[in-house]
Each structure stands twice: as C-alpha cells, then as structure tokens.
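S.K.: The residues making up each chain are set out below.
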Amino acid sequence: MKTIVGLEIHVQLATRTKLFCGCSTDYRDDEPNTHCCPVCLGLPGALPRLNRKAVEYGLKVAKALDMRVPEESEFARKNYFYPDLPKAYQITQYDKPLAVEGTVEIEDDEGHEKIVRITRVHLEEDPGRLVHVAGASKYSLVDYNRSGIPLLEIVTEPDMRSPQEARRFLNKLRTILEYLGVFDGDREGSLRVDANISLEGSERVEVKNISSYKGVEKALTFEVTRQKNLLRRGQTVTRETRHFMEGRGITTSARGKEEEHDYRYFPEPDLRPLRVADRVAEIDLPELPVARKNRFMAQYGISLNHARTLTGDPKLADFFEAVAGVDPVLAATWVADTLLGELNYRDMSIAAVPADRIAELLDLLKSETITDKAGVQVLREMLDACAAGKPCEPPAVIVEREGLARATGGEFTPIVQAVIAANPQAVEDYRTGKKGALNFLVGQVMKETRGRADPRELGRIVSECLDTGGV
Amino acid sequence: MAGTLQFSPDDRYNAFITTCREAPFGDGALAGTAVAVKDNISTAGIRTTCASRILESYVPPYDAHVVGLLREKGAAIVGKTNMDEFGMGTTTETSAFGPTRNPADPSRVPGGSSGGSAAAVAAGLVPMALGTDTGGSIRCPAAFCGIVGLKPTYGRVSRYGLVAYANSLEQIGPMARTVEDVSRLMSVIARYDPHDSTMLDRPYDHQPSAEIKGLRVGIPEEYFGEGVDPRVAGTVRDAIGVLEELGAETVPVSIPGMRHALAAYYVICTSEASSNLARFDGVRYGPAVDTRKSWHEAYQDLRLELFGTEVRRRIMLGTFALSAGYAGRYYAKAQVARRNIKEDFERAFCDADVIAGPTMPTVAFRLGEKTDPLSMYLSDILTVPANLAGIPAISVPCGRVDGLPVGLQLMGRQFEDERVVDAAFAYEQEVRA
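Each protein sequence line maps, in turn, to chains E and B.
The numbering of the first sequence is full-length UniProt numbering, which starts it at 1 and goes up by one.
The numbering of the second sequence is full-length UniProt numbering, which starts it at 1 and goes up by one.
Bear in mind the hints are in silico, worked out from the structure with no lab data behind them.
Just to be clear, a hint being listed does not mean it is correct.
What follows is a list of derived Cβ distance ranges for each label pair [stated by the list, open to error]:
| # | chain 1 | residue 1 | chain 2 | residue 2 | range |
| --- | --- | --- | --- | --- | --- |
| 1 | E | T103 | B | A263 | 43 to 51 Å |
| 2 | B | D301 | E | D95 | 31 to 39 Å |
| 3 | E | D95 | B | P230 | 46 to 54 Å |
| 4 | B | G225 | E | D66 | 53 to 61 Å |
| 5 | E | D66 | B | R339 | 29 to 37 Å |
Glycine included, every Cβ here is placed at the ideal spot set by N, Cα and C.
So that you can see chain B by itself, here it is in the shape it has in the complex (with noise of 0.2 Å):
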C-alpha cells in the first residue's frame, strides 16, 4: 500500500546529513521500507552533497538508477547519509558536515566512506542503507560498526547517478543488519541499466542459503600478516573455524601481488578522482561568488576554499600521477600491478570457491586519533584488493574485540555475488542460533 513515510529520527550519531520528515512510498517488495542513501548517490528533489562544501546546496535534476529500483519497489526514500567528502576517507571524518560516530561506541569513528549509513543502520534509524565502495567503504563501516555489508561484483550494479571519485574501482551495495536484509536489498538494486556501460546484465535474484558443505575457503597468508592486529586476526580465524564446523574445509592461497595494491589503489583511485572532480569549479556548483578575477584564478580560489584537506591533497596526488612524464611511472605501473592482482585471485579461486580473511586490520579508531594520512591509507589494505579485482566481497560481523566489533570478510569469483552472500549467511545462522 503505497504512502508517506514519517521520519524524525534522533540522529544522535550525525548519520544523516538531510532527512525527509515525509517519506513517500509504493507498493512492492520493498513497501514502507525505511532505506537510507549515501549522499554520494543521486536523488531527485533531494540534495546530494558528497559531504561537501561544494555541493552544499546541489539538488540533481535526476535519480541516480539504484534509486529509481528503490522506489520502484515501494521503498521510502528517508535520507541521504553522511560520509567522508566524496568517499575520500576510512572514518567519516572528512565530512563537511562533521564526523559521524560509531553506535557502538560513540567516542569511536564508524569507519568510511560510508559511515553515516553504517551507523544508522547500527542505531536501528533504518533497516537498511546503500553504501558505496571504492576500496572498502562498505565493508569497513560494515565492520566497525558491527552490521551487514556487501560490495558487489564490478559491473552488477549500476553507477549511474554515483557521483563518481574512481570510476573503475566502485560499485553501490547494500548494508543493513542481517545477511538476508542485505540479499534483499541488492535483489533490488541489481538490475541491468544501459545508462551505464561498464556493466553486463547479470541480475540478482537470490535467497540465501545455509547449505555450504564442501565450500572451499581459501586463507591468504597475507590477510593475517604484519599489520594486522593478532586478536582481530585470532577473531576472525575462530569465525573460519565456525564455517569449517559446517562443511567447509580451508586450503592456504596466496595474493603476492598484495604488496603493491595499496600504492596500485591510491595512484588510480586519485588519478581518477583529479578528474572526476575536475567539475567542480564553483561557478555552476557551490555558491555564488563574484571574485572578479579571470576565470581560473575563480576556480582556483574556489576549489581551494571548498574542498577539503583530504580531497584536495587526493586531487594533487592524482593530477601528478597522471601529468606527463609521471604518467608512464606512476599511472601505467598501477595498472600493471593491478592486472597482477587480479591474476593472483584468478589463481586463488582456482583453488578456492570463497577466500576469508579479516575486514579490517583494526577495530575502529578513536575520533581524532589517526591524524597521519599514510597510517590512514595502510588501514585500507585489506579490503582494497577486492577493488581492484572487481570481485564481490562481504563483511559480516564475527565477534569483538575490547567491546568492539570485528567483521569477517568473504571474497568470491567475479559474478558469484551468491556465493559469499550464502557463506556469510550459513556463518550468521550459525552464530545467531
């Protein structure tokens, strides 16, 4: 039965940078459902930020594809979440709009980029949320606050109307508490859209199932190496136990190529961003300012005033990775290094239907606490790889450390978005039960 949705929520988290007091909805699967959208997400009517300055008053004229799915199905479109400014970020932090805190623990960063919807789901404001991920901005909120979190296959959801940071590494997903809410949710949301070229019509329609006698799980070494706090990684091989108690059975694999992926991601990451936000050059976005200067000398104050730290020193690195002479050095050998990436997990699931390692090398941070963008970026290091092989890739809470939650992470083979969603599932059954 279609309606209006009404929602005041005590967004004591800052979730949400808008909220619609009054949600409309139709009929379907998804009837009077409460879905909450990452505001890097185009939403007609309803102003999409990116948690930027920049784009403080910009309403698009058009939904976004996963959003015309959503009201499609009768869901109520309830506000746009916060998140690090264009997804550049592992905390939420770099939000012109102030951080967002973690539900469960409020002196704690949810993770990004897209943590307000971590957190709002992890609040219980909403059922579910899209997310977007770009090098694990699902899946890390996902973790850090203890909830569902899905990065599809490259290619099986559309991105038209995603504000774009890195073209060729995101993909919107689902996230909400439970397996089966976030399979629902992508049921949902993929669907095949010409709009957008890069994807191949491969459209979800599953139900999870327990069933996963004989599932191989591959555990790469390198996902339990230096760097990873050791009872994260104690967690999460007590998690990998659990699965095995089922039916699975573990075989070691190796991703080699790991040891370049966080330098491959950042090169392409911004290099792609330098030009994605390129656009934005404060006269047809951002407010009105007669500066009475040439043109670029506008842009130029303009940008430098309306980004912020973190995008802005994104949008330099990328312009010198791409500039010429650097180029050949910087931009080609990420590619190269991500073709080798991508043929480590070829190899891999040669071996291994799944491949399980930690979300996260940490539990979430204080606010405030990681300060050094380098230390920040090494965060990213698990969750990048995925990106950069375009394969599906799951978090799902699987225990805590010091109180907080630390997310089990499932990779699969590209378009086997099924198979890492049951996996997840048949390990979530368990646990719950």
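So here's chain E without its partners, still in its complex pose (with noise of 0.2 Å):
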C-alpha cells in the first residue's frame, strides 16, 4: 500500500523586526507582551506596514527553490475567532501567495535523487500565545509577543512515500533555510509543520502543528500504522485533523465538527497589492548545498557522503573549509565522522569549538606525531574544555603533557616481547594458522602503550617477532 505524504511548513524568518510592524522579533527571555505596539496588538484603528526584510527573505527562498513570482501577489485576510489572534483576522496570502511551482532534490529510501514539487509559498503574521497557567485555573493568559512574527509557510505537493522521505525533505528544506540566512534554526518554534497523510486509495488526515523534525516521522510513523491498522480490520479512515502528542508519540483526533472553518478570505484593504516579480533577478544567492556538496567533492576530493554530512550544515561545511588545508581527505574524516561523532555525543554545537585548534590537531596527526586513536583523546580533552567553557589548550600541549606521542619502534620492542611471552596459547593458535591471535596480541600490545603507537606498525613488528621467533 502505497504511503503519501504531503507537508506544509511554517518558517519563522529571521528578520530583526515583525511583519507589520517596528516590533522586535527576538523576544527570548523577555516579560510577555514586551514587544507590543498598536498593530500588533490589533488594536482599533493600526493599520499595517509590510516588512521588506521579509519579503526579500521570501522572495530569496523562491529562488533558491527555482520558484515561479508571478507578478502580483497579494494579501488577505484569513477571518476566524481565536482568543490568540487579537484583530480576530490573520493577514495571509491566499489566491495570490507570493511564489509558485518549485522543486527539492531528496535522496529516496533507495538512495536514489528525487524531486519533491512545491506548490507554493507565502508570507502570514502568527497570531499571539495563549499561555494555560498550571492547575485548574478558572482563566488562561495572553502573550502577543509573538503577534505578528512574520513566517513564510511553504507547501509541497504530495510527492513524499514515507515518513522517513518527510524527515529528509524537512532536513534538507531547513539546510536551505540556513544557507540562506533567512531563518534561525535554533529559536523555539521556528519551523512547525502540518503533515497531510493517506494510504493510497482511502482519506487523508491532517497532522497539525508537529513541531520538530523527529516528531514529523514520528507522527507519521504511527500514522501509518494507525491507518494500515484501520483497513487490515476492514474500517475505514476518517478525513479529519488530528493532533500529535509529542510527549507519547501518538496522534488524536481533533473534534472534526468545530474545527470545520469558513475563513472568508478577502484582499486586505490596508495593503497594496505585492509587485516584485522584477526584483528576484536582482537577489544574489549563496552557494546552496548541491553546488557545495558538489564543488567539495571536486575541490577536495573527499567522498560523496563525507560531502554530503558536511554540506548538511553551512556552519559545519565553513567549519571544514577552514581546516581542510591541512589535508582535505584527512580533515573530511576527522570533522564528518570523529569531530561530528563526538558532537553529537555531548550534544554541542560546532559553533563552540575552534578551528584553528583543531587544524593543529589535524597537523599532528598528518606529521604521524600521534596515532588516530591518540587522537581522538587529545581531541576528546579539547572539546571537555570547550564545552566546560575552559580555553582550549594547544593540541601539541595536551599531546606533551599526556605523553601521548608516538612510539617508535624500539620503544616498544620490550612490551611486545612482554606480551609474547604472557601469552602462549595465542603464539600457538597464530602458529597454527590462526589470524586472529595476531590482532589479539596487538590489541594487548596497544593497551599496554595507551594507544601511542600506530596499530599497522605494531602488526608488522609483532608478527616479525613471531616469526622470526624473536622471543
């Protein structure tokens, strides 16, 4: 059975003010309804002032995702009650968004490139933030700091066939984002999706307002499965919203009849109709990931999937590019699977660490000053001070202080004679034709010297000394 998904994304732009008005946008830790004024507070007689960051931001997603402008765009007013929604109207785009027609290249569960088509994007205010005070509490609270941050919501056609295909359209859709600067991925709420699912053949459902990028494939995970579930027992599959529990994992019907809206959409006087399409020649784009992706594979002649993790994050592909001069091929593993490992790990941003130190790591290790496994605990030691918010030490200070250096091959000589001796019974299985008792006698060799000495070269010089017979 055929699974199809389709999405509607949310993005928060990052512009310094709101979409209609000189409000401040970055209100983290600040009192609620801080960034207020008379239009975003909706009150009688504010009129709306559109926010040109914003529509440059929009019009710059457009083209990166090789959208259409058509030549008038215009604004509406989407009509419906809502204690959070202060004029008791959102103003949105609705017959005329802003760009139309685009397309994202994906990689399929095959691992195959695929096309998922955009049918449009188009710039709306998010409405305010009711805040439900814990307990019983007889009223809740309204916070319209949030009033009016512009958001561009970009909608896809149904081109995705499973919930993991939709994890790596967001990703790669947020990858874009952040290439373009238009969008700040580590603010709550940033990016909020709807995910319309169905079986092929039977209704659609709605997930609304999942807000991260696992709680996307989760909701449509147990979407799927709920829904398979449903036709195995014979039943069918309502057409309604339903809500994602994020906490459980699970979705829940919303109450179809009161969500049933008639919004009454009509262009919103207080604006003039949008003329921009002129204007999209004019915007200069970045590099976006594919042509990144693509010129670090030519440049540098690293892998396609180191590339490609690299490339996943602009900040993680400067990263690289600030320490590949080294030895590109070398830097590529270190940063996309040791450094990003170790990230991942300690939950850290690539932001924390510094590059410099990190290209001296990568120049000892290039001179063969220490072995890979040293390595990694130099680079362990780094990234503990880094996020403990220490300085980070020189890696040929920690190397010196740790005696972490390598080993030459006399130094040695006595710790493989060492364990040689102490264990005979593997001496006898390596004699005997058995392989693995000569990586067994290196791995105890490599114990012995904490990882100092370089494994391929304590191979050669253990079994030298069994076969000579050395001892």
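Dock chain to chain to rebuild the complex, using the hints, since each chain is given by itself in its own frame.
M.R.: What follows is the structure, given as structure tokens:
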C-alpha cells in the first residue's frame, strides 16, 4: 500500500522586526507583552506596514527553490475567532501567493535522487500565544510578543512516500533555509509542520502543528500504522484533523465539526498588491547545499558521503573549509566522522569548537606525531574544555602533558616481547594459522602503550617477532 | 502661544460624546483653534467610543496620525463628536449615546454618520471639526446642517488611528462653516504618513481661488433623476447656474454604473465591517463579564448585547456576503461594479473638470422618520459613487428647501481636491457677496 505524504511548513523568518510593525522579533527571555505596539496588538485604527526584509527573504527562498514569482501577489484576510488572534483575522496570502511551482531534491528510500515539488510559498503573520496557567485555573493568559512574527508557509505536493522521506525533506529544506540566512533554526518554534498523510485509495488525514523534525517522522509513522490497522480490520480512514502528542508519540482526533471553518478570505484593504517579480533577478543567492557538495567533491577530492554530511549544515561546511588546508581527505574524515560524532554525543554545536585548534590537531595527525587513537583522546580533552567554557589548550600541549606522542619501534620491543611471553596460547594459535591471534596480541600491546603506537606498525613488529621466533 | 482652552459648550443638540473642559494647545497655524474630532478617530488619553457600548470605556494609548498633525499645528482638541455607531448610518440616530439633533431644526436629524461634527460646527460650538466619510458620512451631515464638508481623495489623508469600518472606502476629512476653513484644516491633515500603506505622498497645501473661468462642470443625468426631490434638484440647478455666471461651462455626463452603486457599496462596506469589527469580542474591549461559558459563547453573548441593531445587521450581511459559496455571487460582483463606476468617472472626467449634483436627494429627515433600513440606504445614492471611485467630493450649502439646508456636491478627479475646493469657494464667495 503506497503511503502519500504532503507537508505544509511554517518557517519563522529571521527578520529583526515583525511582519507589519517595527516591534522586535527577539523576545526570548523577555517578559510577556513587552514587544507590542498598536499594530501587533490589533488596536482599533492601527494599520499594517509591510516589512521589506520579510519580502526579500521570501523571494530568496523562492529563488533557491526554483520557483516562479507571479507579477502580482496580494495579502488577504483570513477571518476567524480565537482568543490569541488580536484582530480576529490573520493577514496572510490566499489565492495570490508570493511564489509558485518549485522543487527540492532529496534522497528516496533507495538512496536515489528524487524531486519533491513545492506548490507555493506565502507570507503571513503569527498570532499571539495562549498561556494556560498550571492547575485548574479559571483563566488563560495571552502573550502577544509573538503576534505579527513573520512566517513563510511552504506547501509541498504530496510527493513523499514514507515518514523517512518526509524527514529527509525537512532536513534538506532546513539546510537550504540556513544557507540563505533567512532562518534561525535554534529559535523555539522556528519551524512548525502540518503533515497530510494518506494510504493510496483511502482518505487523507492532516496532523497539525508538529514542532520538530523527529516529531514529523514519529507522527507519520504512527499514522501509517494506525491507518493500516484500520484498513486491515475492514474499517475506513476518516478524513479529519489530528493533533500530535509529542510526549506520547501518538496522534489524537481533533473534534471534526468544531474545527470546520469558513475563513471568508478577501483582499486586505490596508495593503497594496505586491509587485516584486522583477526584483528576483537582483537577488544574489549564496552557494546552496547541492552546489557546495559538488564543489567539495571536486575541489577537495572527498567522498560523496563526506561531502553530503559536511554540507548538511552551513556552519559545519564553513568549519571544514577552515581546516581543510592541512589535508582535505584527512580533515573530511576527522570532521565528518570523528568530530561530528563527538559533538552529537555531547549535544554540542560546531560553533563552540575553535577551528584553529582542530587544524593544529590535524597537523599532528598528518605528520604522524600522534596516532589516530591518541588523536581522539586529545580531541575529547579539547572538547571537554570547550564545553566547560575553559580555554582550549593547543593539542601539542596536551600531547606533551599526557605523553601521547607516537612511540617509535625500539621503545616497545620489550612490551611486545612481554606480551608474547604472557600469551603462549595465542602464540600457538598464530603458529597454527589462526589470523585472529595476531590481532589479539596487537590489541594487548596497544593497551600497554595507551594508543601511542600505530596499530599497523605494531602488527608488522609483532608478526616479525613471532615469525623470526625472536622472543 | 501655547496654552489651555476652556471648553464647556452648551451642547443642547447632543453633538459631543466627550468634551475636554481644559484642552491644551500649542503653537502653529491652528494655535488655540478649537477642533472637534469624530469619535472614531483615536486620541491618546481621550476615550474613543465609536458611539458604541462596546468601546464605551476604551481610551486609546496613541493618537491617530491626523490628531498628531492637529496638535503639531497648535489645535486644541476640545471633544469627541457623536456619530452613528461605528459610522453605520445616515442620521446619527444609531449612536449608543443618543441621537444628535440638527441645529437648523432640532426636530430633524443632522445626517450621518458625522452628525455630531456637523452639528457642533453648525451650532457654532467649534469653528471646525474632523469627520469621516465612508459612503457620504461627511457630505450628508454637511448638507443637512448647512455647512461645508470635504471627502478627500482616497489615499490623501492618513487613516492611521481611524477605527476601521470599511477601510477601502473611508477617508478622514475636514468640516467647517466656510470653504476657506475646510481648506485650512485640510492643509493640516493631508500630510504623508508611512504607517498607512494605501497613502500617496501628495500633501495638500492650497489657498482657495475663486477663479473658475472655463471650468467644465459635468452634470450627470443620474444625479437629478428618480428619487431626488425636485425642489432639491431645482435648488442645485440654480447653484450650477451661479457657476455658469462665473464663467464655468456645463457639459452633460453620465455615470451609468450608478444603478449598481448602492448594491456594490453595501456589499463591500458590510464585508469589510464584518472583518473589522470582529476584534470587538467583549473580552479585550467592553465591560468585564464573567459569563462562565466557553469563549465563543461568551463572544456571541457580549456582541449581541453590546452592538446595536444596525451594526449587527451589517456584520451579518457582510459575513454572509463573504462566506464560502456566496463570495463569488456578491463580493466579487460588487468589485466588478466598483471598477465600472471608477471607469465611468474616468470617462466623465475626460469631458468635465468637476462633476456637480445634489449631495443628498432630500433635505434632513425628522428624527425617527426612517425606520426601514432599505429606504435609509437609498438616501446614500448620490454620495456613495465618490467613495467607490476614491475621488474627492465636497458639499457646500446652496440654498434652502422648506427652510432646511441643501448641499451642492462637487466631485473631482483623483488628487484634484484643490479643484473641487476652488469650485466650491467660487460659488460660496459669489452667493455670500
């Protein structure tokens, strides 16, 4: 049974001021209702004034997604009553969106490239936020700091075929937005998703307001199972809106009838139609993920996988380029595999890592001053220091202090000899042709030398000793 | 010289909702001049009720752009004038604060919806006042009360701070006893405001001139046809004769789209009103009530209780006109009709520099005379076209019928407010002399 997924993504544009007034959008850590004016409070008589930057950002996204920008787009009012909506209508774009018909390339479940079509993008304002005081309070509070925050809604065609594809699409989209500098992924609620999902031949279900990438995959996976089970039991899937309960990983039905709306859209009389199609040509796009990935492979000779990983986040890609001078292939392995793994484990951001220190570490590795294993140890010490907010020592200092410099052959001959002497059974196994025995012995020596020796070199020495019987 | 103006008028016509007994003023072109402001224009620190119970105690934290300009030029804001609730009416009888009476005959209405401003000026309580005109709301009371009122070109005066009723139609405009004062007030309020995106930077800075030799005055047959009191039509024709004596020439023009004007107007203004007034939910505005019900039931109850009949009628009409399945039949068609009228005017202005006709088809009604909303709506027929087309229109007193004032209406091309002011000024100077 084919799964069909389409997404509507609300992206918070990283403008300094709100969509229709001059209030600051950065209300993090500030008291409720401190970033408000007559416009975003919807006071009688206040009029919206369109933020140019938001339009520019929207056009940037449109261009990056290869979209068509019509000659004229228009703002409309979406009328509905809700306590967080100060004007009782939301200014959005309806039948004349900012841009239409775009594409995003992703990997499908078989690892092939595939195209997800973008239906439209349009600008709209966020409403306020209701705060329900804990306990059985008789009232709710409204915070209008978010009222008027600019959102770009991106709507896809139902082109995704699995929850995993949906997640890959979102990751890809987020990367593009970050490259464009129009989006701050670290802000709470900066990307919110409504997902439409159906199994081929049955009704479509909309899961509303999912606020994380993982959440989208989880919600969709839950829906696939739920809908399949319904059909297996001979029941039908009802067309409805469902909420995703992040904590429990399930979706629940929103009461169908009360959610039905007639939004009574009509053109916003307080704003003129937008004529911006001819501005698109002037927009300079930065190098986008696909182009950067291809350049990384060509310029640095690194693998597709490494290039993909490194360009998945513009900050990571910049970091790589800052340290690639030492040896691009070595740098790619260390940044994409080792460093990224360590960062994920620590939940640390690449921004916290000093590139120059990592370049020094790569120098030590390239000159074979230390082994890979010792390198990991040094890296961990450096990251621990960064995470603790301490100054990051030069890796050479750490190597010196910890005595991690690569040992030379002569230094560990006695250790090899001791290990051979202590493991007669392994020596016997080696002699009878069991190759694993050599690895065991090398491992024992590695343990004794605390990773200061190169395993390949050690292997050569150990087998030499065994073969010549030079015990 | 800056100072404070004492203002305790004998408000026997109920022209004011709020008066400011001690009105501060500054220096400038209007230093110390008492100006009354219609109560749908926001004034920081002075309540702005729109003549509605739902805004009875609303005190805006900010000044409308025009109010800021008035203060800058030294005017003393002496009070907020009565009006039809949210501007919805032709008689000022729908005010939650009781009707205003016409100083020309207290048994009659002053016209609406800027009836309070017109009465305050006509009664001599203030020399000038601001009104707002959505479908004739400045010109109608000006005509009924025998004063001058100008609806400026749409986009020439900032609407920032005007509590919206029908955004795409309404403009703030000056009202006074003479054309010269109307022009003076217009010079103060018509200044660019970036907060209003529908505005163009076309400041008004004009001294009226009575020289109208060669002015081509278009006479639309529709303005003298069915429904227009023949005596009113005759009075207005006489006034046009005065313009001819002054050297103007008359040309016949036609606005065929007129027959759909009222229908289009009422669909558009009620549609916009249904959206604009939705924010008045009785929670953020209106008396605090603990209804102990769900929020949407609370909204419903409070809106029923706090909005007057006419307001609820128009909200219902607009909600219906915009709703799914009907928007194409009503709202979209109204927009087409509106475009047609605009084009009619453009054609007419190829042959004429200004268009002249009566402001209102009759003289002022008696209080309580119009009980049927439809017949009330019909009396807007001559004023509404200018709002649909966004063009400037002025009403200037041009005689009396049954002892009641009649208004001559002069309409001009977009942004030719100066020209209609001059034509009105020429007429006024001639008949006063």
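S.K.: Could you run down the list of hints and mark each one as holding or not?
M.R.: Hint by hint, here is what the structure shows:
{"no.": "1", "hint": "E:T103 to B:A263: 43 to 51 Å", "in the structure": "holds (46 Å)"}
{"no.": "2", "hint": "B:D301 to E:D95: 31 to 39 Å", "in the structure": "holds (35 Å)"}
{"no.": "3", "hint": "E:D95 to B:P230: 46 to 54 Å", "in the structure": "holds (48 Å)"}
{"no.": "4", "hint": "B:G225 to E:D66: 53 to 61 Å", "in the structure": "holds (58 Å)"}
{"no.": "5", "hint": "E:D66 to B:R339: 29 to 37 Å", "in the structure": "holds (35 Å)"}
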